[in-house]
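Peer 1: Protein sequences appear in the order of chains A and B. Each residue of the first sequence is one higher than the last, beginning at 556 in this note's numbering. Each residue of the second sequence is one higher than the last, beginning at 16 in this note's numbering.
Quick caveat, the hints were computed from the structure, so don't treat them as lab data. This structure is a prediction, so every number in the text was calculated from the model and none was measured. Some hints could be false.
[Stated by the list, open to error] 20 Å max Cα-Cα, derived EDC-like pairs, lysine to aspartate or glutamate:
{"id": "1", "chain 1": "B", "residue 1": "K255", "chain 2": "A", "residue 2": "D642"}
{"id": "2", "chain 1": "B", "residue 1": "K390", "chain 2": "A", "residue 2": "E766"}
{"id": "3", "chain 1": "B", "residue 1": "K255", "chain 2": "A", "residue 2": "E835"}
{"id": "4", "chain 1": "A", "residue 1": "K820", "chain 2": "B", "residue 2": "E249"}
{"id": "5", "chain 1": "B", "residue 1": "K473", "chain 2": "B", "residue 2": "E495"}
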Amino acid sequence: MTDKNPEYDFKWCPGCGDFGVRRALEQALQKYIIDTEIPIENNVIVAGIGCSGNMVHLLEGQQPFGIHGLHGRTLPIAMGIKSSRPDLNVTVVAGDGDFLSIGMEHIAPQAQRNLDVCVIVMDNAVYGLTKGQSSPTSHEGMITSSTPYGKMEDAVNPLKLYLTLGVSHVASALSSKIKDLSQMIYDAMKYPGFAIVHVQSPCTEYNNTYEQLKGNVKKGIQPMAWSLPEDHNPESVSDAQNIVDRDGIPLGLIYQAKDRTSFSKRVEETTSSMNGKSAEDIITLYSV
Amino acid sequence: MNKSDFVVRFAGEGGQGFMTAAIGLAAANTQSGYHAQTFATFPSQITGGPTWMQVRISTDTVLSRGDELDVLVVFNEEAYSIHKDEVRNGGVIIYDSDGMDLEGGESLGIPFDKLAKSTGNSRSANMVVMGALAGLIGIPQSILEEFVKRRWSNTARYGETIVPTNIHALTLGREAASSSGFEIGELNPPQKPNYEQIFVDGNQAICLGAVASGVQFYCGYPISPATTILIWMEKNLVGKGKFAYQVSSEIEAITSLIGAGYAGTKAMSATAGPGFSLMSEGLGMAWMAEIPLVIVNVQRGGPATGLPTKTEQSDLLNAINPAHGDVSLPVIAPGTVEECFYGTVQAFNWAETYQGPVVLLSEHSLSEKQQNIPKPNLETLEVQNRILYEGKNGYQRYEPGEISPMPIPGGPGSYVANASEHDGIGDTTHLSERHIQMTNRRFRKLESLMDSPYEHDKIDADVAIMPWGGSKGPAKEAYEKLLIDGKDIGWFYTMFLNPINPTLLEELRNKKLVLVPELNYLGQFASVLRSQGVNAEPITQYTGLPFKVKDLVQRISSRLAELENRRSAS
Ligand SMILES: Cc1ncc(C[n+]2csc(CCOP(=O)(O)OP(=O)(O)O)c2C)c(N)n1
Ligand code: SF4
Numbered sequence: 556m557t558d559k560n561p562e563y564d565f566k567w568c569p570g571c572g573d574f575g576v577r578r579a580l581e582q583a584l585q586k587y588i589i590d591t592e593i594p595i596e597n598n599v600i601v602a603g604i605g606c607s608g609n610m611v612h613l614l615e616g617q618q619p620f621g622i623h624g625l626h627g628r629t630l631p632i633a634m635g636i637k638s639s640r641p642d643l644n645v646t647v648v649a650g651d652g653d654f655l656s657i658g659m660e661h662i663a664p665q666a667q668r669n670l671d672v673c674v675i676v677m678d679n680a681v682y683g684l685t686k687g688q689s690s691p692t693s694h695e696g697m698i699t700s701s702t703p704y705g706k707m708e709d710a711v712n713p714l715k716l717y718l719t720l721g722v723s724h725v726a727s728a729l730s731s732k733i734k735d736l737s738q739m740i741y742d743a744m745k746y747p748g749f750a751i752v753h754v755q756s757p758c759t760e761y762n763n764t765y766e767q768l769k770g771n772v773k774k775g776i777q778p779m780a781w782s783l784p785e786d787h788n789p790e791s792v793s794d795a796q797n798i799v800d801r802d803g804i805p806l807g808l809i810y811q812a813k814d815r816t817s818f819s820k821r822v823e824e825t826t827s828s829m830n831g832k833s834a835e836d837i838i839t840l841y842s843v
Numbered sequence: 016m017n018k019s020d021f022v023v024r025f026a027g028e029g030g031q032g033f034m035t036a037a038i039g040l041a042a043a044n045t046q047s048g049y050h051a052q053t054f055a056t057f058p059s060q061i062t063g064g065p066t067w068m069q070v071r072i073s074t075d076t077v078l079s080r081g082d083e084l085d086v087l088v089v090f091n092e093e094a095y096s097i098h099k100d101e102v103r104n105g106g107v108i109i110y111d112s113d114g115m116d117l118e119g120g121e122s123l124g125i126p127f128d129k130l131a132k133s134t135g136n137s138r139s140a141n142m143v144v145m146g147a148l149a150g151l152i153g154i155p156q157s158i159l160e161e162f163v164k165r166r167w168s169n170t171a172r173y174g175e176t177i178v179p180t181n182i183h184a185l186t187l188g189r190e191a192a193s194s195s196g197f198e199i200g201e202l203n204p205p206q207k208p209n210y211e212q213i214f215v216d217g218n219q220a221i222c223l224g225a226v227a228s229g230v231q232f233y234c235g236y237p238i239s240p241a242t243t244i245l246i247w248m249e250k251n252l253v254g255k256g257k258f259a260y261q262v263s264s265e266i267e268a269i270t271s272l273i274g275a276g277y278a279g280t281k282a283m284s285a286t287a288g289p290g291f292s293l294m295s296e297g298l299g300m301a302w303m304a305e306i307p308l309v310i311v312n313v314q315r316g317g318p319a320t321g322l323p324t325k326t327e328q329s330d331l332l333n334a335i336n337p338a339h340g341d342v343s344l345p346v347i348a349p350g351t352v353e354e355c356f357y358g359t360v361q362a363f364n365w366a367e368t369y370q371g372p373v374v375l376l377s378e379h380s381l382s383e384k385q386q387n388i389p390k391p392n393l394e395t396l397e398v399q400n401r402i403l404y405e406g407k408n409g410y411q412r413y414e415p416g417e418i419s420p421m422p423i424p425g426g427p428g429s430y431v432a433n434a435s436e437h438d439g440i441g442d443t444t445h446l447s448e449r450h451i452q453m454t455n456r457r458f459r460k461l462e463s464l465m466d467s468p469y470e471h472d473k474i475d476a477d478v479a480i481m482p483w484g485g486s487k488g489p490a491k492e493a494y495e496k497l498l499i500d501g502k503d504i505g506w507f508y509t510m511f512l513n514p515i516n517p518t519l520l521e522e523l524r525n526k527k528l529v530l531v532p533e534l535n536y537l538g539q540f541a542s543v544l545r546s547q548g549v550n551a552e553p554i555t556q557y558t559g560l561p562f563k564v565k566d567l568v569q570r571i572s573s574r575l576a577e578l579e580n581r582r583s584a585s
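Make a model of the complete structure from these sequences and hints.
Peer 2: Quick look at the structure:
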């Protein structure tokens with residue numbers, strides 16, 4: 556909404572990875588509303604708090620509905636929307652701090668429910684908005700403003716965590732590969748279950764990792780990111796586990812549970828299909 | 016001697032089954048036109064422990080649990096020594112003469128278990144006790160038999176044998192009581208009401224109120240004394256467009272309600288102090304982003320984990336102001352089981368009209384109190400819904416000024432519901448002018464809630480009492496006694512505690528003194544009133560139990576006497 560709204564004063568820094576994620580999300584959303592004929596107003600973006608969450612205000616083109624809530628609480632907000640209105644397409648956008656630190660407690664229950672939302676995590680391994688503190692994905696020994704002598708924890712491996720928690724659809728991407736990312740977001744939106752697209756989205760201001768991720772032949776830096784082998788079978792748990800145990804950043808669809816029932820479907824089959832009593836009938840049960 | 020009122024307490028470990036029966040006794044009596052109220056207190060452990068339950072049956076509406084016992088039924092010696100002093104002069108203590116040996120003129124031993132076994136149904140001991148009680152106060156056998164038939168004849172497996180054995184047990188109990196020679200006065204015959212009634216506890220009344228208001232979405236996390244609301248919703252809030260779910264914490268509960276309220280549904284959660292504290296940030300967001308939702312806080316005692324199974328009214332300040340920043344949440348505190356129903360309906364109406372979160376502040380003593388109330392008439396019940404936005408896109412949802420129609424996903428007017436300070440369309444802003452405009456807008460919205468009803472009586476008196484919440488019943492009874500004693504005192508009451516109706520405030524400001532009986536240490540409502548220019552003074556109690564009428568009468572009388580003395584001295 557930047558063009559239209561001069562009052563809105565937040566800007567991503569030049570080169571911020573989130574620009575690429577935005578482009579990819581806009582494309583995916585466009586394709587989604589055309590392919591599914593679900594109108595734009597039936598799409599909701601749930602944003603976390605961080606530089607990344609500002610996505611919801613910065614999207615260009617046709618405007619979906621948005622909700623920009625509390626730090627760490629994107630998932631339960633999304634659950635409230637999706638389970639009260641299964642007809643809506645709900646997409647979560649959050650940073651690694653938002654999703655994996657303060658909001659970590661919400662991943663497991665939604666994974667068990669198989670909440671049918673698409674989550675885009677923008678991982679820059681640092682807290683951008685609060686100016687450069689360490690995050691769960693910052694590596695051990697990393698110097699940040701809150702770890703002046705080096706981080707004393709191991710970094711979390713988010714992809715491994717998602718698999719362990721039972722997330723149904725796990726993809727991994729780079730913000731600069733917009734075409735691939737857009738396709739992954741589109742696929743995740745269409746997947747009827749809990750789908751996470753974990754994106755390496757570098758922070759040029761506090762943790763510029765473009766070079767490490769893509770490599771630099773001249774400087775002899777090997778790229779951290781690598782493509783999945785041709786024969787990778789995303790429906791195989793053991794294949795997926797092998798991939799996430801390897802160093803670096805795998806790119807592509809790592810895991811996808813095939814016939815797992817989505818939360819909306821479970822609700823529909825268990826309670827929505829029941830014949831609820833009218834208020835009058837319920838009250839009458841207590842008659843003396 | 017005839018009585019209009021009868022109080023019986025069941026005390027002691029192992030008394031649970033008898034307590035279920037006590038509820039049955041209460042229910043059976045309301046069928047015949049008596050009024051009944053139960054009160055229970057439980058320890059935290061799941062079974063056993065020092066539990067007691069009390070039933071008060073009356074020919075009039077019951078206001079409080081009753082200070083003095085006509086009959087005490089004890090199930091062990093410990094219970095006897097703890098509770099015996101609360102039996103009134105001329106009251107009776109009933110005990111199992113087979114297991115205990117109590118000396119003393121006023122105690123009546125009946126071999127409950129032995130008599131039960133003789134019916135062929137060893138589990139009918141509670142019916143023996145019921146029979147004895149009915150015999151003591153002259154409740155006709157037919158009322159109880161009717162109850163037994165209703166209760167058990169549908170249970171295919173047992174109906175055939177259980178009904179006759181239970182009725183036999185009732186008769187044995189009745190005979191044992193009448194042959195003992197004890198008499199405590201016969202209960203006046205009931206006035207059969209000319210309207211339909213239901214028999215519910217406070218939490219059930221809240222559930223029924225929510226359903227009558229059209230609740231569609233419920234998420235909660237188990238916590239005493241609010242758990243029964245979650246269980247009820249999971250069972251009953253089913254069908255198309257309905258959703259009830261146990262989520263993983265109160266943080267999940269409040270934030271999922273925000274999602275549901277934003278998406279256009281009527282959403283509710285119930286919790287108690289610890290969970291309410293966890294909801295704090297989310298309540299602030301609902302206020303900021305203007306999302307209608309209802310949170311029920313069934314208060315328990317103390318800070319932190321506190322007293323999970325006791326009653327207190329110590330969350331009022333937190334309910335009005337649960338979150339950081341400038342917020343002032345609408346708070347409705349029901350004072351009776353019936354108000355639990357209507358308070359919930361109003362909570363939804365408020366949430367929908369001002370578009371924001373509303374707190375229904377109940378309390379433990381109401382949650383477990385079962386009472387007969389007039390059956391609500393859904394045809395005349397006023398249920399309000401938020402105004403929906405139906406215009407074009409490019410809508411300024413938060414345009415300052417009035418309450419504005421709310422866009423719902425799937426419809427026109429997409430915007431960002433924003434927890435950060437925002438402009439008209441919901442984009443984040445840091446401009447001072449905007450913050451001033453939006454803060455004013457949020458507070459101005461409360462003005463739509465200010466015409467709420469209230470009670471007043473003897474408005475010419477200089478001093479008035481104004482209880483809130485569950486202290487209403489005992490305070491009302493105390494007030495009536497004080498009037499009979501010739502005291503010059505007035506009465507105010509409302510369940511709409513924030514915002515307070517400005518006309519009511521004006522009346523209160525004209526009083527020399529407003530005494531506020533409330534179950535907390537700080538005198539929370541008194542301080543709310545003082546902050547709005549009322550000379551209010553609390554009468555506090557923090558025992559974990561409701562007020563006793565006689566304590567209130569005594570404390571208010573001595574405060575009045577003090578004022579009188581000071582006046583005549585000066
Ligand atoms: C409850 C709470 N704690 C702390 C904050 C402050 N805060 C805002 S954003 C943020 C971290 C953002 O990091 P991340 O989620 O990784 O997003 P990024 O800015 O890197 O995109 C923090 C700690 C807050 N808003 N709310
Ligand atoms: S601080 Fe980092 S994450 Fe935030 S906008 Fe700048 S580059 Fe992006």
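Peer 1: Which hint numbers does the structure go against, in order from smallest to largest?
Peer 2: Failing hint: just 2.
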